[in-house]
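When you get a sec, could you build the whole thing from the sequences and use the hints?
Using this note's numbering, read the sequence shown as starting at 1 and increasing by one per residue.
What the hints contain is simulated information worked out from the structure, not anything from laboratory work. There's no promise every hint is true.
List of simulated lysine-lysine pairs, DSBU-like, C-alpha gap at most 35 angstroms [to be verified]:
(1) Lys64 x Lys24
(2) Lys64 x Lys83
(3) Lys64 x Lys79
(4) Lys110 x Lys124
(5) Lys51 x Lys24
(6) Lys110 x Lys83
What you are looking at is a predicted structure, and each value in this text was computed from that prediction instead of being measured.
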Amino acid sequence: MGDRVLFDSTGATVAQYEVVNWQKDSDGSIQFTPVGCYDASLPPDQRFVLKTENIIWTGGQLEKPRSVCSESCPPGTRKAAQKGRPVCCYDCIPCAEGEISNETDSNNCKQCPREYWSNAEKNKCVLQAIEFLSFTEFMGVVLVFFSLFGVGLTALVAILFYRKTIVVLMAFKATLPGSKSFGHM
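Have a look at this one:
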(Lines of atoms letter the chains of each structure in order from A; the text may use other names.)
(Lines give C-alpha, C1' and ligand atoms only; values in the text may rest on other atoms or scores of the structure.)
Protein backbone atom coordinates (compact mmCIF):
# COMPACT_ATOMS: atom_id res chain seq x y z
CA MET A 1 0.00 0.00 0.00
CA GLY A 2 2.56 2.53 -0.90
CA ASP A 3 4.61 2.47 -4.06
CA ARG A 4 3.28 1.28 -7.35
CA VAL A 5 4.92 -1.93 -8.69
CA LEU A 6 4.89 -2.62 -12.45
CA PHE A 7 5.69 -5.80 -14.37
CA ASP A 8 6.90 -6.17 -17.96
CA SER A 9 5.67 -8.76 -20.51
CA THR A 10 7.95 -11.46 -19.03
CA GLY A 11 6.68 -10.92 -15.50
CA ALA A 12 9.79 -9.15 -14.26
CA THR A 13 9.49 -5.95 -12.31
CA VAL A 14 10.11 -2.76 -14.24
CA ALA A 15 13.18 -0.95 -12.96
CA GLN A 16 12.60 2.34 -11.20
CA TYR A 17 15.45 4.18 -9.53
CA GLU A 18 15.90 7.47 -7.79
CA VAL A 19 19.20 9.24 -8.37
CA VAL A 20 20.44 10.89 -5.18
CA ASN A 21 23.29 13.24 -4.42
CA TRP A 22 25.13 13.17 -1.10
CA GLN A 23 25.15 16.74 0.20
CA LYS A 24 26.49 18.17 3.45
CA ASP A 25 24.21 20.31 5.56
CA SER A 26 25.39 23.40 7.38
CA ASP A 27 25.89 21.27 10.50
CA GLY A 28 28.12 18.80 8.57
CA SER A 29 25.62 15.92 8.35
CA ILE A 30 25.07 14.11 5.05
CA GLN A 31 21.69 14.43 3.32
CA PHE A 32 20.57 12.35 0.34
CA THR A 33 19.02 14.86 -2.05
CA PRO A 34 17.05 13.48 -5.06
CA VAL A 35 18.47 14.92 -8.30
CA GLY A 36 16.87 12.62 -10.87
CA CYS A 37 15.15 9.33 -11.62
CA TYR A 38 15.15 6.37 -13.99
CA ASP A 39 11.86 4.69 -14.93
CA ALA A 40 12.00 1.82 -17.46
CA SER A 41 8.21 1.95 -17.95
CA LEU A 42 8.45 5.32 -19.72
CA PRO A 43 9.28 5.86 -23.43
CA PRO A 44 13.06 5.60 -24.13
CA ASP A 45 13.63 9.36 -24.45
CA GLN A 46 11.92 10.02 -21.08
CA ARG A 47 13.33 7.15 -18.98
CA PHE A 48 16.26 9.03 -17.46
CA VAL A 49 15.84 12.51 -16.00
CA LEU A 50 18.69 14.31 -14.24
CA LYS A 51 18.47 17.80 -12.75
CA THR A 52 22.13 18.84 -12.92
CA GLU A 53 21.40 22.22 -11.35
CA ASN A 54 20.56 20.41 -8.06
CA ILE A 55 23.85 18.49 -7.93
CA ILE A 56 26.58 19.68 -5.58
CA TRP A 57 29.90 18.19 -6.64
CA THR A 58 32.84 17.37 -4.40
CA GLY A 59 34.29 20.37 -2.63
CA GLY A 60 30.95 22.20 -2.82
CA GLN A 61 31.34 23.02 -6.52
CA LEU A 62 28.26 23.56 -8.66
CA GLU A 63 30.04 22.70 -11.93
CA LYS A 64 30.87 19.11 -12.77
CA PRO A 65 34.55 18.22 -12.44
CA ARG A 66 36.60 17.36 -15.50
CA SER A 67 38.23 13.96 -15.46
CA VAL A 68 41.04 14.51 -17.92
CA CYS A 69 44.75 14.35 -17.32
CA SER A 70 45.66 16.68 -20.21
CA GLU A 71 43.85 19.32 -22.20
CA SER A 72 43.30 18.75 -25.92
CA CYS A 73 46.25 19.51 -28.18
CA PRO A 74 45.35 22.36 -30.57
CA PRO A 75 46.16 22.28 -34.30
CA GLY A 76 49.86 22.93 -34.89
CA THR A 77 50.88 20.49 -32.16
CA ARG A 78 51.04 16.72 -31.67
CA LYS A 79 50.46 14.48 -28.66
CA ALA A 80 53.44 12.89 -26.90
CA ALA A 81 52.70 10.32 -24.19
CA GLN A 82 54.04 10.97 -20.71
CA LYS A 83 56.09 8.03 -19.41
CA GLY A 84 54.61 6.20 -16.45
CA ARG A 85 51.27 8.03 -16.73
CA PRO A 86 47.87 6.86 -18.07
CA VAL A 87 47.19 6.96 -21.81
CA CYS A 88 45.07 10.10 -21.40
CA CYS A 89 48.11 11.99 -20.07
CA TYR A 90 50.25 13.58 -22.76
CA ASP A 91 52.21 16.71 -23.61
CA CYS A 92 51.38 18.90 -26.60
CA ILE A 93 54.56 19.37 -28.65
CA PRO A 94 54.69 21.99 -31.44
CA CYS A 95 55.30 20.64 -34.94
CA ALA A 96 58.80 21.15 -36.35
CA GLU A 97 59.51 23.69 -39.09
CA GLY A 98 58.07 22.46 -42.39
CA GLU A 99 55.51 20.20 -40.63
CA ILE A 100 51.85 20.80 -39.75
CA SER A 101 48.90 19.28 -37.92
CA ASN A 102 45.55 20.74 -38.87
CA GLU A 103 43.33 18.84 -36.43
CA THR A 104 42.86 18.76 -32.68
CA ASP A 105 44.61 15.95 -30.74
CA SER A 106 46.81 14.89 -33.66
CA ASN A 107 49.19 12.01 -32.89
CA ASN A 108 51.81 13.18 -35.41
CA CYS A 109 52.67 16.07 -37.69
CA LYS A 110 52.61 15.86 -41.51
CA GLN A 111 55.51 17.01 -43.71
CA CYS A 112 54.68 19.88 -46.08
CA PRO A 113 55.17 19.20 -49.82
CA ARG A 114 58.29 20.46 -51.63
CA GLU A 115 58.40 24.23 -52.10
CA TYR A 116 55.90 24.67 -49.24
CA TRP A 117 56.55 25.64 -45.64
CA SER A 118 54.46 25.68 -42.47
CA ASN A 119 52.82 28.93 -41.41
CA ALA A 120 53.48 30.50 -37.97
CA GLU A 121 50.68 28.49 -36.33
CA LYS A 122 51.97 25.28 -38.00
CA ASN A 123 48.45 24.31 -39.08
CA LYS A 124 48.71 25.04 -42.81
CA CYS A 125 51.34 24.61 -45.56
CA VAL A 126 51.99 27.81 -47.51
CA LEU A 127 54.04 28.39 -50.66
CA GLN A 128 57.55 29.57 -49.82
CA ALA A 129 58.22 33.17 -50.77
CA ILE A 130 61.12 33.50 -53.21
CA GLU A 131 63.40 36.44 -52.45
CA PHE A 132 65.97 37.92 -54.81
CA LEU A 133 68.88 40.14 -53.86
CA SER A 134 69.14 43.45 -55.64
CA PHE A 135 72.28 45.43 -56.41
CA THR A 136 70.63 48.36 -54.65
CA GLU A 137 70.36 46.48 -51.34
CA PHE A 138 73.21 46.55 -48.83
CA MET A 139 73.61 42.77 -48.75
CA GLY A 140 73.69 42.63 -52.56
CA VAL A 141 76.47 45.24 -52.70
CA VAL A 142 78.50 43.42 -50.03
CA LEU A 143 78.21 40.07 -51.85
CA VAL A 144 79.22 41.60 -55.20
CA PHE A 145 82.20 43.34 -53.55
CA PHE A 146 83.49 40.12 -51.96
CA SER A 147 82.91 38.18 -55.19
CA LEU A 148 84.92 40.70 -57.24
CA PHE A 149 87.61 40.81 -54.54
CA GLY A 150 87.87 37.00 -54.72
CA VAL A 151 88.12 37.04 -58.52
CA GLY A 152 90.81 39.75 -58.39
CA LEU A 153 92.81 37.88 -55.75
CA THR A 154 92.61 34.68 -57.79
CA ALA A 155 93.82 36.51 -60.93
CA LEU A 156 96.74 38.08 -59.00
CA VAL A 157 97.84 34.69 -57.63
CA ALA A 158 97.60 33.15 -61.12
CA ILE A 159 99.75 35.93 -62.62
CA LEU A 160 102.36 35.62 -59.86
CA PHE A 161 102.41 31.84 -60.21
CA TYR A 162 102.86 32.12 -63.98
CA ARG A 163 105.78 34.58 -63.67
CA LYS A 164 107.52 32.57 -60.94
CA THR A 165 107.02 29.36 -62.91
CA ILE A 166 108.82 30.85 -65.94
CA VAL A 167 111.77 31.81 -63.74
CA VAL A 168 111.89 28.32 -62.21
CA LEU A 169 111.66 26.67 -65.65
CA MET A 170 114.45 28.84 -67.02
CA ALA A 171 116.65 28.01 -64.02
CA PHE A 172 115.89 24.29 -64.41
CA LYS A 173 116.69 24.39 -68.12
CA ALA A 174 120.08 25.93 -67.38
CA THR A 175 121.14 22.85 -65.38
CA LEU A 176 122.52 19.74 -67.08
CA PRO A 177 119.55 17.40 -66.31
CA GLY A 178 117.11 20.10 -67.31
CA SER A 179 118.73 20.73 -70.66
CA LYS A 180 118.74 17.00 -71.46
CA SER A 181 115.07 16.52 -70.58
CA PHE A 182 114.03 19.53 -72.65
CA GLY A 183 116.15 18.29 -75.50
CA HIS A 184 114.19 15.04 -75.71
CA MET A 185 110.86 16.74 -75.90
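Problem - Contradicted hints - numbers only - result: none
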